[in-house]
Every structure is written in C-alpha cells, then in structure tokens.
Amino acid sequence: MVPKIDKLVNVLSTADKDVANFQVKLYDEMTTIEGLTEDGMYDATTMMATKLDLIREFFTMPNHHRKRDLIMAPVGPRSGDAIFANVERVNAELFTLTYGATVRQLLTDLEEVEEVNKQLDQMGYNIGIRLIDEFLAKSNVTRCVDFRETAEVIAKVGFKMFLGVTATVSNWDADGTCCSIILEDNPLVDFVELPDTCRGLYYCNILSGVIRGALEMVSMKTEVTWIRDVLRGDDAYELQVKLLKQVPEEYPYKDDE
Amino acid sequence: MAAIYSLYIINKSGGLIFYKDYGSAGRMDTNDSLRVASLWHSMHAISQQLSPTTGCSGIELLEADTFDLHCFQSLTGTKFFVVCEPGTQHMESLLKVIYELYTDYVLKNPFYEMEMPIRCELFDINLSQAVQKDRVAMLGR
Amino acid sequence: MIGVGKIKQYSNVLDKPLSKGKQEVSLSAFAFLFSELVQYNQTQVDNIAELERRLEDAGYAVGARVLELLCHRDKGNRRETRLLGILSFVHSTVWKVLFGKVADSLEKGTEHEDEYMISEKELLVNRFISIPKDMGTFNCGAFVAGIVRGVLDSAGFPAVVTAHFVPVEGQQRPRTTILIKFAEEVLASFSLIMTLFL
Numbered sequence: 066m067v068p069k070i071d072k073l074v075n076v077l078s079t080a081d082k083d084v085a086n087f088q089v090k091l092y093d094e095m096t097t098i099e100g101l102t103e104d105g106m107y108d109a110t111t112m113m114a115t116k117l118d119l120i121r122e123f124f125t126m127p128n129h130h131r132k133r134d135l136i137m138a139p140v141g142p143r144s145g146d147a148i149f150a151n152v153e154r155v156n157a158e159l160f161t162l163t164y165g166a167t168v169r170q171l172l173t174d175l176e177e178v179e180e181v182n183k184q185l186d187q188m189g190y191n192i193g194i195r196l197i198d199e200f201l202a203k204s205n206v207t208r209c210v211d212f213r214e215t216a217e218v219i220a221k222v223g224f225k226m227f228l229g230v231t232a233t234v235s236n237w238d239a240d241g242t243c244c245s246i247i248l249e250d251n252p253l254v255d256f257v258e259l260p261d262t263c264r265g266l267y268y269c270n271i272l273s274g275v276i277r278g279a280l281e282m283v284s285m286k287t288e289v290t291w292i293r294d295v296l297r298g299d300d301a302y303e304l305q306v307k308l309l310k311q312v313p314e315e316y317p318y319k320d321d322e
Numbered sequence: 295m296a297a298i299y300s301l302y303i304i305n306k307s308g309g310l311i312f313y314k315d316y317g318s319a320g321r322m323d324t325n326d327s328l329r330v331a332s333l334w335h336s337m338h339a340i341s342q343q344l345s346p347t348t349g350c351s352g353i354e355l356l357e358a359d360t361f362d363l364h365c366f367q368s369l370t371g372t373k374f375f376v377v378c379e380p381g382t383q384h385m386e387s388l389l390k391v392i393y394e395l396y397t398d399y400v401l402k403n404p405f406y407e408m409e410m411p412i413r414c415e416l417f418d419i420n421l422s423q424a425v426q427k428d429r430v431a432m433l434g435r
Numbered sequence: 246m247i248g249v250g251k252i253k254q255y256s257n258v259l260d261k262p263l264s265k266g267k268q269e270v271s272l273s274a275f276a277f278l279f280s281e282l283v284q285y286n287q288t289q290v291d292n293i294a295e296l297e298r299r300l301e302d303a304g305y306a307v308g309a310r311v312l313e314l315l316c317h318r319d320k321g322n323r324r325e326t327r328l329l330g331i332l333s334f335v336h337s338t339v340w341k342v343l344f345g346k347v348a349d350s351l352e353k354g355t356e357h358e359d360e361y362m363i364s365e366k367e368l369l370v371n372r373f374i375s376i377p378k379d380m381g382t383f384n385c386g387a388f389v390a391g392i393v394r395g396v397l398d399s400a401g402f403p404a405v406v407t408a409h410f411v412p413v414e415g416q417q418r419p420r421t422t423i424l425i426k427f428a429e430e431v432l433a434s435f436s437l438i439m440t441l442f443l
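Quick note, the sequences are listed as chains A, B and C, same order.
One gets this note's numbering by counting positions in the first sequence from 1 and adding 65 to each.
One gets this note's numbering by counting positions in the second sequence from 1 and adding 294 to each.
One gets this note's numbering by counting positions in the third sequence from 1 and adding 245 to each.
Keep in mind that the hints are not guaranteed to be accurate.
[What the hints assert, rightly or not] According to the in silico footprint, chain B covers these stretches of chain C (three or more CB under 8 Å from chain B):
1) 273-280
2) 283-295
[Stated by the list, open to error] Cross-link-like lysine-lysine pairs, in silico, DSS-like; alpha carbons within 25 Å at most:
3) K307(A) x K286(A)
4) K221(A) x K267(C)
5) K378(C) x K267(C)
6) K314(B) x K310(A)
7) K221(A) x K314(B)
8) K314(B) x K353(C)
9) K286(A) x K314(B)
10) K373(B) x K286(A)
11) K183(A) x K90(A)
12) K90(A) x K221(A)
13) K353(C) x K267(C)
FYI, nobody ran anything at the bench for these hints, they're computed from the structure.
The structure presented is a predicted model; accordingly, all values stated were derived computationally and were not measured.
Idealized CB from N, CA, C, for every residue including glycine.
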C-alpha cells in the first residue's frame, strides 16, 4: 500500500508538467496486472493519462478490480487453463477443510448416511444452478451442438476453471447420451478417510449435484451417479452423466396459458 | 459523452428483478418500468420466433429516435438491458461486465433467493462504478 | 465425534505431494461452497444468534484441523505455548495459509485486559456477501471467528471469539473485527508466567 501511495503522490505532483513521464508511471503500474496485453496497457494508459480522478482511483483500486475494468473480455471460448490462470484463487486447503466441515455438520444433523448423501446432492444442485452463469460468463462458451460437446466442456473447462483439476470423458454409449467423467485429481478429499460408521457415504456427492443443477439451467435434464470412488476403495473418481431429456429451447408460452 | 438512461434485469420468466434509473432523462415510475420489462420480454421472445435466421437468440439492439436499447440474454435465460442515448458506444461490453458482477455479487450471496428481486448492496456499489462513463470508455478501447 | 474430514497421520500427509499446501482452487468455487453452507445453516435455525453459532461451529472444525496441519508441516510438530505467540501465529501464519495474506491488524483491547482483536478490511468470506437490512449486525465472519476459536482452543487457549462489523471513517464498507476474549484460566496462567518472569 505504501509504495503505491508514494507513486500516486509523485504522479499527481508532476501531472501538469509532464504528461509523458506520467504515462510511463502508469504503464509501469499496468505491467503488474496479470493478463493485460501490451496493446491493452498502451490504450489504457493513453486513455487515463489526462484524467486525474480516474488515475487516483486506479492507484487505490484492488488488483482484481483493475483486472476487471481494464481487461477486455476476449471473443470466443477460452480454455480452462487460461481461465484458471486469470481468476482469483485460494489455497485449496481452505476449500477442502470447509467442505469437510460441511459434511461433518450434515452427519451430525441428519445422522443417516443416506440422508447426508441426498442433502449433499441437493446442496450441489443449489450451487450448480448459480454457478452455471459464472461458467458461461467467464468461459464465453456458446450453446453446445450436442451432449458430447457438453460433456467435454464440463470436463475440460468446468472442472479446471473452478477446481483447477482436469477430468476426462469416456465410456460413451452408442447414442451419445451417457458417458463417464473421470477425475484425475479431487481437491475435495485431501486428508479424508472414511471411518467404518460412514461406509455408505458418497463423500463427494456435492459434485454430482453441481453438474445436474448446472445442466438443468441450460435445458438439460440429467442423472448423475458415482461409478467409482477412491474413498470407497476404487482406483479413480468416476461420475456417470446420463442425459434424460433435452428441454427444447422454445419459448415457454403454451397455447393454453 | 453519451448517457445511459436506465438498466434492467429480468429473470427467465419475465419478472423484473432489478431496475436502476440514471439521471433525469427518461425517468420512469415503478409501474412503467415493470411495463417496459414485461413488454421487452415478450417482444424479445416474439423476435426470436419471427426471425428468418435459425437459432436466433432475439433482439440485441433496438434503435429509436430518442434512445437505443441494448440487450444481452444469458444462456440461462436472464436478460440484461440498458436504455441509453442514441449512438452510445460499448454497451455490449458493459452488459457483459454487468453479467459478471451479477454472477459475483448476486449469485454468490447466500441471502439472495434465485429469481427474486435483487437487493444486494455490493452489487449496487460495484454496478455504479462500472457504469461510470470513463469506465465504459475504457472497456471499449 | 464422527471422523469424517479427519487429518491423516503425519507420514501419510507427507506421502502426498499435493499436501504441501500449494494447490489452489478458484475463489469462486470456495465462494459458492461457503454461500451454500450459509444457506443450508439458515434452514436449520430459527434466529440469527443460532445461525451465528452454527457457522462458528463449522469454522471451529476447520480451525482445529488447520492447527494440526500447520504444526505438522511448518513447525516440526511443535506447538505454540505463549499467548502472544499463538495470537501472532493466527494473525500471520493461519491467515496467510487460509486467506492468502496476513491479517490487517492484531491489537490488544483497550478496555479489557483479556481481549484481543484481529481486523480485516474485507474478510475473504464476505467478499461477495451483502447482509440484508433485516439481519441487523449479522456477520458471516462468524465462520472465521469459529476458525480462530478452533485454532486457539486446540492449542490450549480456550476463548470466546466473535465477529463484528466496525464502520471505518471515509469508507463505504465496514471492516470486520474478530474479537477474542480469553477464558479466565488462560489469563490467570499467563499472568502467573509473567509474574515468574518479572
């Protein structure tokens, strides 16, 4: 904070004298913004050079706001890696432990493991119907041509941009409506061992709910089930996603309404 | 610098969930804003059906004598639209930014109920920053 | 206690390359999870005080585990035994690991001998959260208060920890202060040690 304020004072005191000098300083500050292109920096610097109030605000603005205001939304879909590299991230342990605390709370509240599985799925669904918009906004993904593309996008872009892990799609059925998403890495389960009392627990059931909820918001009714779960002794995390119904995109006014 | 008159967000069933008036021109009372929202919702839908292009996603820009209306509809069916002075630039980028603000400060707020009117202080604060004229100009570089 | 989420033994943690604490997820993933945790807990309570308590409980579970984790990883299984040591451990080490930065400030209460305050301009968990007017002074930072209590309690410094919004002059948004009030026995043993030293 302190060096930035120093810079600001410098900038303001020289403002009237030397616009060029001014731009250099601004430009330096711009180079600290991850993801801003050369052209973008140049344009933004020129744009701001004569606007003192804007500059004042720029220098006191947190970095994530700068990013939001200065980086133009790219056209066309972005890769999961590119998005993940540019979004704000937190230590996975905060996430893992918070999820652990959530599961623990459910086990205490609901007692029955089966009920916990249901509740986790419901919570995932609740997250999914909200998270889909962020996914669409950040990924620039447009409507997928078919369910195959949808599954690929979930695995390659969705898992990466939120959890920082990649997943693969396999085991397609003949008509392309059912497949498996296999997780190579799963940040939900670090430090977790299931005790004997929780044998029937699908610890990561929130994930299946998220997929179901997110897809429902873009008109796809799906059924998502766990096929393999490392915590239950399998060798991978495998989710089966089955397309039940594609609700047509028609306008929801019916003749009888 | 051209001016933005108002901003609307309507949910997928056509309900007005957010309305904000900027400045005096084109100011409307609540009833009128609700009317505009539901009218636009229907018109947008009709335009989709009438369009000769297959897979048309509806009107993006309506140009009138006294205003322009720019509309962005997310794949989830939420519509964001601004009414502004004719010829105002960079409104598509602004709508995109507003969509992102919505995903941050509305959808991640545990006290926001889906499809209901938006009353989130942080959304208001960040929105007014985004709408500031200079910012809009920056976005359109 | 049910053992879900329990931390594996030291050797196992070391075995896994991921558990160096360098792996990241998007802030959004955490924000959506936290938001859902708050929403779920809202369905389980009748009033705001209960909601606060439940979020604090959830945080406590996180705090207790964070202490284990950090003691194993960073301190060669040595635990902090001094009051100021553990406070600065929370303010710097714990904060840095969980929230990516050291807390803005750690201060001693001016009115009460047994109170300490950790303040943050904008708590990570509150980044996207606007509290509705009808919820008054409720602060989702109760979860973070719980984390702090979890760490302190597990380290042998039982305390009552609460989260409060504090208005800041010239700022649109209030900051959050985590108020730590140590249990009597902690202060008693602390002053005993001080007496021995002085």
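These are the hints, each one checked on the structure:
Figure legend: the region 273-280 of chain C, annotated as covered by chain B; annotation consistent (5 residues with Cβ-Cβ distances under 8 Å, at least 3 required). Proximity of the region 283-295 of chain C to chain B, defined as three or more residues with a beta carbon under 8 Å from a beta carbon of that chain, is established by the 3 residues found. A hinted pair counts as satisfied when its Cα atoms are at most 25 Å apart, and K307(A) with K286(A) qualifies at roughly 9 Å. For the suggested pair K221(A) and K267(C), the alpha carbons sit about 22 Å apart, so the restraint of at most 25 Å is met.
Restraint check for K378(C) and K267(C): not satisfied, since their Cα atoms lie roughly 39 Å apart, outside the 25 Å limit. Taken as a hint, the K314(B) and K310(A) pair is broken in the structure, with Cα atoms around 38 Å apart against an allowance of 25 Å. About 38 Å separates the Cα atoms of K221(A) and K314(B), which puts this hinted pair outside 25 Å; it is violated. Of the supplied pair hints, the one linking K314(B) and K353(C) is violated, its CA atoms being roughly 44 Å apart against a limit of 25 Å.
Taken as a hint, the K286(A) and K314(B) pair is broken in the structure, with Cα atoms around 35 Å apart against an allowance of 25 Å. Of the pairs offered as hints, the one joining K373(B) and K286(A) holds, with about 22 Å between alpha carbons and a cut-off of 25 Å not exceeded. Only pairs whose Cα atoms come within 25 Å are accepted, and K183(A) paired with K90(A) is rejected, the gap being roughly 56 Å. Distance hint between K90(A) and K221(A) is unfulfilled; the C-alpha atoms sit about 39 Å from each other, more than 25 Å.
About 32 Å separates the Cα atoms of K353(C) and K267(C), which puts this hinted pair outside 25 Å; it is violated.
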